[in-house]
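With the hints as constraints, model all of the structure from the sequences given.
2 protein chains.
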Amino acid sequence: MDDILPSDLVALAEKVIQAHRERGTTISVAESCTGGLVAAALTEIPGSSAVLDRAFVSYSNDAKMEMLAVPSDLIETFGAVSIAVAWSMAQGALAHSKADLAVAITGIAGPEGGSELKPVGTVVFARARRKDLDDKEPAAELKKFDCKTRAEVRHQAAICALELLLPKPSNSA
Amino acid sequence: MDDILPSDLVALAEKVIQAHRERGTTISVAESCTGGLVAAALTEIPGSSAVLDRAFVSYSNDAKMEMLAVPSDLIETFGAVSIAVAWSMAQGALAHSKADLAVAITGIAGPEGGSELKPVGTVVFARARRKDLDDKEPAAELKKFDCKTRAEVRHQAAICALELLLPKPSNSA
Chain A
60 MDDILPSDLV ALAEKVIQAH RERGTTISVA ESCTGGLVAA ALTEIPGSSA
110 VLDRAFVSYS NDAKMEMLAV PSDLIETFGA VSIAVAWSMA QGALAHSKAD
160 LAVAITGIAG PEGGSELKPV GTVVFARARR KDLDDKEPAA ELKKFDCKTR
210 AEVRHQAAIC ALELLLPKPS NSA
Chain B
60 MDDILPSDLV ALAEKVIQAH RERGTTISVA ESCTGGLVAA ALTEIPGSSA
110 VLDRAFVSYS NDAKMEMLAV PSDLIETFGA VSIAVAWSMA QGALAHSKAD
160 LAVAITGIAG PEGGSELKPV GTVVFARARR KDLDDKEPAA ELKKFDCKTR
210 AEVRHQAAIC ALELLLPKPS NSA
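Top to bottom, those sequences are chains A and B. Okay, so the first sequence: first residue is 60 according to the working numbering, each after it adds one. Okay, so the second sequence: first residue is 60 according to the working numbering, each after it adds one.
It does not matter which identical chain is meant; a pair holds if it fits inside one copy or across any two.
Each computed SDA-like pair below joins lysine to any residue, with the alpha-carbon atoms no more than 25 Å apart:
| hint | residue 1 | residue 2 |
| --- | --- | --- |
| 1 | Lys-190 | Lys-227 |
| 2 | Lys-227 | Pro-197 |
| 3 | Lys-177 | Ala-109 |
| 4 | Lys-157 | Met-124 |
| 5 | Lys-157 | Ala-198 |
| 6 | Lys-74 | Ser-119 |
| 7 | Lys-227 | Ser-108 |
| 8 | Lys-74 | Ala-210 |
| 9 | Lys-190 | Glu-200 |
| 10 | Lys-207 | Cys-219 |
| 11 | Lys-74 | Gly-172 |
| 12 | Lys-202 | Leu-192 |
| 13 | Lys-157 | Pro-130 |
| 14 | Lys-157 | Asp-121 |
| 15 | Lys-157 | Glu-171 |
| 16 | Lys-190 | Leu-133 |
| 17 | Lys-207 | Val-69 |
| 18 | Lys-177 | Glu-196 |
| 19 | Lys-74 | Asp-62 |
| 20 | Lys-207 | Gly-106 |
| 21 | Lys-177 | Gly-106 |
| 22 | Lys-207 | Asp-67 |
| 23 | Lys-157 | Ser-119 |
| 24 | Lys-202 | Phe-137 |
| 25 | Lys-157 | Gly-138 |
| 26 | Lys-203 | Asp-62 |
| 27 | Lys-157 | Gly-83 |
| 28 | Lys-203 | Gly-106 |
Hints in this document: simulated from the structure, not taken from any laboratory.
Here is the structure:
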């Protein structure tokens, strides 16, 4: 295969697709700072259509609200790069698809947009399963990548997102 | 910048973002076979948020219908890889965003899914401008890429889509 995406991304995407194909489960992603990179890696794998049928590139606040029904007050209160918004994006991806598992990514890829509290490289991830929809406790985490460039931040964020898209060993998605 | 995407894609994405920033126009993409690759290239460019606020990865037929309001009878009559469906996807991207210009991509990246009439490498592109919304004539074209691999087909398709996202010299988007 010639390379249009980094080989580590493609290898991990292949693991994700294969694991869900074996289980008969499906996934979706809601991407802000990665802007389609995770979906691009997943769809690079032949047969990925059995596992991923759609993804949401919700780059702006309006897009998060309109595509994923993220409440505006969450964005106003906590900011677009927050556990609350990432969790809401993941829930929105489930609500707007039939996927068993959704991962959301929202962060500051830079070079602009950083602050003291949330410097460039701050990325929040959320992982939501349809079978846990009643859970009120968000499964989300904030990471700070110590990367030099926008491309590096996005690359690292996409790897994290793909890892979260792997099924948990226990069962199903 | 380190490379997470091919340099030709990133260079072209930069031209697209810069041209629309200068004009104050905005764009969106509806991606099937490229699966987020075009959005990933566009969002690789710092400041792209002024130009692209969302993108749709509508990989399955259901996703095309549910995310972009592509009529099911179009898909049934013409197939998902057709001028009619690409045009409808582009119109749907305009309808579900505030973008001035939308490009849609639907094709057969392979290795499976090809037929005699539509072999692997068949990709249809549509370009729709909000100001031309009353046009009944679809601005769409079907191309057949003579590529060896899925990655090559997607790479070539993404380049074509980015070229269509450039503003026409005459004016605005």
